[in-house]
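Colleague: Take a look at the letters that make up each chain.
Protein chains: 2
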Amino acid sequence: MFTRLFTRPSIRRLLVAGSFFLAAAVPASAQSDPLPSWNDGPTKTSILDFVAKVTKEGGPDFVAPEKRIATFDNDGTLWAEQPLYFQLIYALEEVKRLAPQHPEWAKKEPFQSVLAGDMKKVMASGKKGLEEIVAISHSGMTTDAFNKTVADWLATARHPTKKVPYTQMVYQPQLELLAYLRATGFKTFIASGGGVEFMRVFAESSYGIPPEQVVGSSGVVKFQKGDDGKPELVKEMKIDFIDDGPGKPVGINRFIGRRPIFAFGNSDGDQQMLEWTMAGEGPRFAALVHHTDAVREWAYDRKSLIGKLDKAWDEAAAKGWTIVDMKSDWKVIFPPAN
Amino acid sequence: MFTRLFTRPSIRRLLVAGSFFLAAAVPASAQSDPLPSWNDGPTKTSILDFVAKVTKEGGPDFVAPEKRIATFDNDGTLWAEQPLYFQLIYALEEVKRLAPQHPEWAKKEPFQSVLAGDMKKVMASGKKGLEEIVAISHSGMTTDAFNKTVADWLATARHPTKKVPYTQMVYQPQLELLAYLRATGFKTFIASGGGVEFMRVFAESSYGIPPEQVVGSSGVVKFQKGDDGKPELVKEMKIDFIDDGPGKPVGINRFIGRRPIFAFGNSDGDQQMLEWTMAGEGPRFAALVHHTDAVREWAYDRKSLIGKLDKAWDEAAAKGWTIVDMKSDWKVIFPPAN
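Chains as they are written, first to last, in the numbering used here: chain W, 1228 to 1565; chain F, 1228 to 1565.
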């Protein structure tokens, strides 16, 4: 009887509506766990307590839904970033894919070393060399063509050591956190040093974050009419905006136009975003992912070339921001394979 | 009895839910008019028909809700723009307000002419002079301070001839259209040549468009620590991006990352936004407001210094885009005074 009652569609609808209401109104302990991949402890509690207080209508810390802006870094915060930012791996693999059309690369650095698979020499080409590699794979085409090339790559490429698609290397606990924030009235944004157009290709299907809620670095884009008279947007070989470090609050201000009340990062490039978030009035939350799990993911911080966590870590400790210890706070890292 | 029944809260809720469902699912003729300030005729029909077909589930022209992106120009499309863009009036009035702190302006153009109220000489100072006026009133302060100054001005300033607050000079038919689009699953954006930070101050309360859905021109903004060590964003005296003409598709691509299926403008500065919108696949809608009502608003087009409508008008006529004749298509122009 009990079961039959609960399978009646109208009652089920009521329960769904009711559970949403509960999620917004009562502490997590009184309901099913919204963050099942987070181990119980102070980190998880800091998140649940913050959401409970800002969503408690009539409470001293209540924040109106339209002001519940949450921003997340991407590389190292929502998905992995080792051994290299995945967008950089994309750029390197594009050089290989395009090589037959560029015979001159056989004798031209840094392309020669990319084609020879000599990553040491590629990295030795420095910022200038890496920028050339990124430029060649991110410009001289329409935005539509770029989106398609990235989508094709994501569908077929595999991570060099984990041997899974890159979109399988998103963090399950963060997917739950994003969904939990949205269920409690937050609007979730990405604010990343990564390329905005690169991230938009997968942000909606991977994170439930639509293109218009992705803030990132960008190149100059030009409007022009193609040979057929059809208007098109062409990506040019020139950096427009770097959404990293002090650029993050600038990018957030430009794209979102409101100060977040909740921000999540993992490296020194996120420090100013967290500072900007915490400097506003009313209740605020800042957190950093500390990569401590060499077995299930990677362990790195102060001395890492990718995702260096040094100054921001010191500031987080001094100011009492939440620090996620990946090894002990996350029950699982990646989502179960499809 | 009938009245008592309809005042029961549960029934009222049901009716609200039901009317929303109807708005999305059946043609407008079968329900109460969602656009009461639009006169019946081909213009209104073109809007209703477009919305009906893209929201008809299972129909050949159905568009998934997340792709229902609508972009509106602001000046001359959502609110008036005569005798000068209101943001330019703000800048001129700021020069007057700040004059006591700048005794040197008494002998320095274009400020001298602004203070003397000699608009002919101000306009004769050309682009350079106007840029100086805008720069002085839009930089050298934090974003928070700018927002407050604009909000204070909007609360107290009056239009020179209409003698009403500028926020009373929004177009009632467009407010209804924005609400109608949102009720049928569209996400509504502003894409305007105006300053993004200026518009964000009133876009939410006036149009129901939140800051993160406003695309516009911007100056360079810098992150820094104030004297008290508190992080702040400071507006610098340098143009970052002009969201006008060919800049509109670029700005839409940068901020939204999707091509609109519905776009509304009123001048040549909107031409490329409409071209970009119409060049996508599937059903698309483009419209221009033609200012034809010298009695209730203003009448201007090909020869106007502000809001010139010339080339875009020819293209609209050639391509069959919707042209709103303000005088005959709009039953009322401005909302009833509070």
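Possibly wrong hints are sitting among the right ones.
Identical chains blur together in the list; that is why a pair holds if it fits in one copy or across any two.
Lysine-lysine pairs mimicking DSS-like chemistry, simulated, CA-CA at most 25 Å apart [to be verified]: (1) 1465 <-> 1554; (2) 1449 <-> 1465; (3) 1554 <-> 1452; (4) 1347 <-> 1280; (5) 1348 <-> 1457; (6) 1449 <-> 1546; (7) 1347 <-> 1535; (8) 1452 <-> 1546; (9) 1449 <-> 1294; (10) 1283 <-> 1457; (11) 1283 <-> 1389; (12) 1348 <-> 1535; (13) 1465 <-> 1414; (14) 1414 <-> 1294; (15) 1280 <-> 1294; (16) 1554 <-> 1354; (17) 1538 <-> 1390; (18) 1465 <-> 1283.
Since the hints were made in silico from the structure, they are not lab data.
Colleague: Honestly, which of those hints from before does the structure not fit?
Modeller: Numbers 1, 3, 4, 5, 10, 11, 13, 16, 17, 18 - these are the hints that the structure violates, sorted from lowest upward.
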